[in-house]
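Asker: So the chains spell out like this:
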Amino acid sequence: MGKKRKENLKQGDPVKKVKRSKEDHAEEQDENKIVQKWTNKQRILIFSARGITYGIRHLMNDLRCLIPHSKSDNKLENRDELRVINEICELKNCTKCLFFQVKKKQDAYLWISNIPHGPSAKFLVENVHTMDELKMTGNCLKGSRPIVSFDKGFSTSPHYSLLQELFTQVFSTPQNHPRSKPFVDHVFSFSLLDERIWFRNYQIVEEDGTLVEIGPRFTLNLIRIFDGSFGGPTLFVNPNYNPPNEYRKILRKQAAMRHHVKAKAKVTSKERKRNREFSVDEVENVFMED
Amino acid sequence: MDVAAEHRTQHNDTEGLRRRLSDIFDGVNWLERIDVTLSYCLAQDLLHATKEVAVDKTFSDDNVARIHDDFQREASLQAQKAVIEALPKLHSENVITKRPADYFAEMVKSDIHMQKIRRKLLEKQENIKSFEKAKRIQFIKKFGKKVEKEVISNRKNLQSGKSNGKLNKGANLVEMKTQKSVDNYVNKSRSPRLSNKGRKDMKYGYGRKKKNIKKNTSASANTSFFDSGIHGKPRKKRSSAGNKRPGKRRRLQKR
Numbered sequence: 001m002g003k004k005r006k007e008n009l010k011q012g013d014p015v016k017k018v019k020r021s022k023e024d025h026a027e028e029q030d031e032n033k034i035v036q037k038w039t040n041k042q043r044i045l046i047f048s049a050r051g052i053t054y055g056i057r058h059l060m061n062d063l064r065c066l067i068p069h070s071k072s073d074n075k076l077e078n079r080d081e082l083r084v085i086n087e088i089c090e091l092k093n094c095t096k097c098l099f100f101q102v103k104k105k106q107d108a109y110l111w112i113s114n115i116p117h118g119p120s121a122k123f124l125v126e127n128v129h130t131m132d133e134l135k136m137t138g139n140c141l142k143g144s145r146p147i148v149s150f151d152k153g154f155s156t157s158p159h160y161s162l163l164q165e166l167f168t169q170v171f172s173t174p175q176n177h178p179r180s181k182p183f184v185d186h187v188f189s190f191s192l193l194d195e196r197i198w199f200r201n202y203q204i205v206e207e208d209g210t211l212v213e214i215g216p217r218f219t220l221n222l223i224r225i226f227d228g229s230f231g232g233p234t235l236f237v238n239p240n241y242n243p244p245n246e247y248r249k250i251l252r253k254q255a256a257m258r259h260h261v262k263a264k265a266k267v268t269s270k271e272r273k274r275n276r277e278f279s280v281d282e283v284e285n286v287f288m289e290d
Numbered sequence: 001m002d003v004a005a006e007h008r009t010q011h012n013d014t015e016g017l018r019r020r021l022s023d024i025f026d027g028v029n030w031l032e033r034i035d036v037t038l039s040y041c042l043a044q045d046l047l048h049a050t051k052e053v054a055v056d057k058t059f060s061d062d063n064v065a066r067i068h069d070d071f072q073r074e075a076s077l078q079a080q081k082a083v084i085e086a087l088p089k090l091h092s093e094n095v096i097t098k099r100p101a102d103y104f105a106e107m108v109k110s111d112i113h114m115q116k117i118r119r120k121l122l123e124k125q126e127n128i129k130s131f132e133k134a135k136r137i138q139f140i141k142k143f144g145k146k147v148e149k150e151v152i153s154n155r156k157n158l159q160s161g162k163s164n165g166k167l168n169k170g171a172n173l174v175e176m177k178t179q180k181s182v183d184n185y186v187n188k189s190r191s192p193r194l195s196n197k198g199r200k201d202m203k204y205g206y207g208r209k210k211k212n213i214k215k216n217t218s219a220s221a222n223t224s225f226f227d228s229g230i231h232g233k234p235r236k237k238r239s240s241a242g243n244k245r246p247g248k249r250r251r252l253q254k255r
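So the sequence lines, in the order shown, correspond to chains A and B.
Position 219 of the first sequence, counting from 1, maps to 219 under UniProt numbering, and the rest follow consecutively.
Position 224 of the second sequence, counting from 1, maps to 224 under UniProt numbering, and the rest follow consecutively.
Since the hints were made in silico from the structure, they are not lab data.
Just so it is clear, the structure is predicted and the values come from calculations on it, not from any experiment.
Among the hints, erroneous ones may be present.
[To be verified] One side only, chain B facing chain A, incomplete, derived with CB under 8 Å:
#1 N12
#2 E32
#3 T37
#4 C41
#5 I67
#6 D70
#7 L77
#8 Q78
#9 A105
#10 T223
[To be verified] When the alpha-carbon atoms are kept at most 25 Å apart in a straight line, the in silico BS3-like pairs for lysine-lysine are as follows:
#11 K98/B with K37/A
#12 K266/A with K209/B
#13 K135/A with K120/B
[Said to hold, decoys possible] Just so you have them, the derived chain A footprint on chain B, three or more residues with Cβ under 8 Å:
#14 94 to 102
#15 140 to 153
#16 193 to 199
We put the CB at the ideal spot given by N, CA and C, even for glycine.
The shape of chain A in the complex, shown without the other chains (with noise of 0.2 Å):
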């Protein structure tokens, strides 16, 4: 090994050039005209809170591999403010976050807020896929660019299109980053149905628009927007969410009438029983009589 590096060290970077063709030259040429600079100095701070989910977990790291202008963190504690987060970006030098938090290990948020003056948004994800999963056979260039696309259902509201300008932020990468590569391959999809937001990844197979799916899947239920970052006067909250402990609180209600159904029938028809009245028949005791 040593010796091999060293003659390598020895070549350099001559090699390299005589490796090199004219038409590599041309082209490179042609770049420097074109002034590529990478001027949008977008970052995204993907991290969370203590206590997340073994699936959320892996969601993130997905996230995190697919958006190659992402940077990460050590977890929160939970003691922590969420008002630090703002702190740790400025830190960070990044200018969005998205933050997972997970409750009663069961129920996963995510927060995306654009830092450091907001707006920020609070998300209830649920049906998460990761991209491990063998059902999603695509695969794409780690750091190419995405298109993103959203469904016209994003334009019909004000708070909609403000997630949407939010979205697009953190999503797309910025042309000329370092850590991206040159080739459009991929498609982040933003649709909206069942008042939900569902995101998708799909491969560019052909040019002609065949699909196939890299993965993660995710739905995004909205639950509040927020005039500030991580907090601050409420802009919009979604009149249809139902908070997952409410749903678990109607399940078990139902569960429970049931149950309580059962044992009152039981009952009354206990006190049918006894009070039943039986008619007497006149004739029966006239030879008892005798």
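With chain A's structure known, arrange chain B on it following the hints.
Answerer: Below, chain B alone, put in the same frame as chain A:
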């Protein structure tokens, strides 16, 4: 809960939302973001596909079921139109969309993982193949002898009268016929397999009161058990053709 719901509906500061949108809008070049807003609404499309009625915001049960149908939902979620819209735009801006064949770089999914996926796909295909093969074997077990006899008799017929060239043709015809019958058997749509419970229900009945089923009623008392055969079927008469051999005593007498 109603109070809470009311409280929630009160918060919709549209002006605030618009103001914030204009605040954060960075107005960068389209090439920086490559975003596409489609000209149609997936939710409405899905609804239209189900029923051609006016689209309500409230989801009927049918539409909810459509959303929960994986296949239909995923088909409607595809971002095909976005790709068709965006790619020409990118080409016009001289952005490369296809990676050259000799450009190797790290992929999002590792090679090991992709091999796993490939293996799984192959397994699936093999499963389908083996299923068909098993069906074929089943068929041969069931009707093999019959087909063989048919083939042999057909060949004999052909051999007896005709020349060699015609024989080949005839043999081919026979083979084609048998092949067809095999295919028919394989592709025959079978009634869905019943579960154990389903079969028992078919045999013994399902639901209704079990009490007093075996008790005699006026109707059952009127029918004579000895008249009807077992399980209420009339007794079969013994066919004379099937009973050619006389009884033992008669046979002994004959001697």
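Asker: So, for every hint listed, does it hold in this structure?
Answerer: Comparing the hints with the structure gives:
1. Residue-level restraint check for N12/B holds (minimum Cβ-Cβ distance to chain A is 6 Å; threshold 8 Å).
2. With a cut of 8 Å, the hint placing E32/B at the interface with chain A holds, because the nearest CB-to-CB distance is about 5 Å.
3. At a threshold of 8 Å, the smallest CB-CB gap from T37/B to chain A is about 5 Å, leaving the interface hint in force.
4. Taken as an interface hint, C41/B checks out: its beta carbon lies about 4 Å from the nearest beta carbon of chain A, inside 8 Å.
5. The restraint placing I67/B at the interface with chain A holds, with a minimum CB-CB distance near 5 Å, inside the 8 Å limit.
6. Checking D70/B against chain A by beta carbon gives a least distance of about 10 Å; that is not within 8 Å, so the hint is violated.
7. Taking 8 Å as the C-beta cut-off, the interface hint given for L77/B holds, the closest approach to chain A being about 5 Å.
8. Interface restraint check: Q78/B against chain A, minimum CB-CB distance 6 Å, threshold 8 Å, status holds.
9. The interface hint given for A105/B is met, as the beta carbon of that residue sits about 6 Å from the closest beta carbon of chain A, less than 8 Å.
10. With a cut of 8 Å, the hint placing T223/B at the interface with chain A is violated, because the nearest CB-to-CB distance is about 34 Å.
11. Distance restraint check for K98/B and K37/A: the Cα-Cα separation of roughly 21 Å lies within the 25 Å cut-off, and the hinted pair is therefore satisfied.
12. With a C-alpha separation of about 19 Å, the suggested pairing of K266/A with K209/B holds against the 25 Å cut-off.
13. The hinted pair formed by K135/A and K120/B meets the criterion: a straight-line CA distance of about 9 Å does not exceed 25 Å.
14. Counting residues of the region 94 to 102 of chain B whose C-beta lies closer than 8 Å to any C-beta of chain A gives 5; at least three are required, and the coverage claim holds.
15. Counting residues of the region 140 to 153 of chain B whose beta carbon lies closer than 8 Å to any beta carbon of chain A gives 0, which falls below the threshold of three, so the coverage claim is violated.
16. Counting residues of the region 193 to 199 of chain B whose CB falls under 8 Å from any CB of chain A gives 0; the rule of at least 3 is not met.
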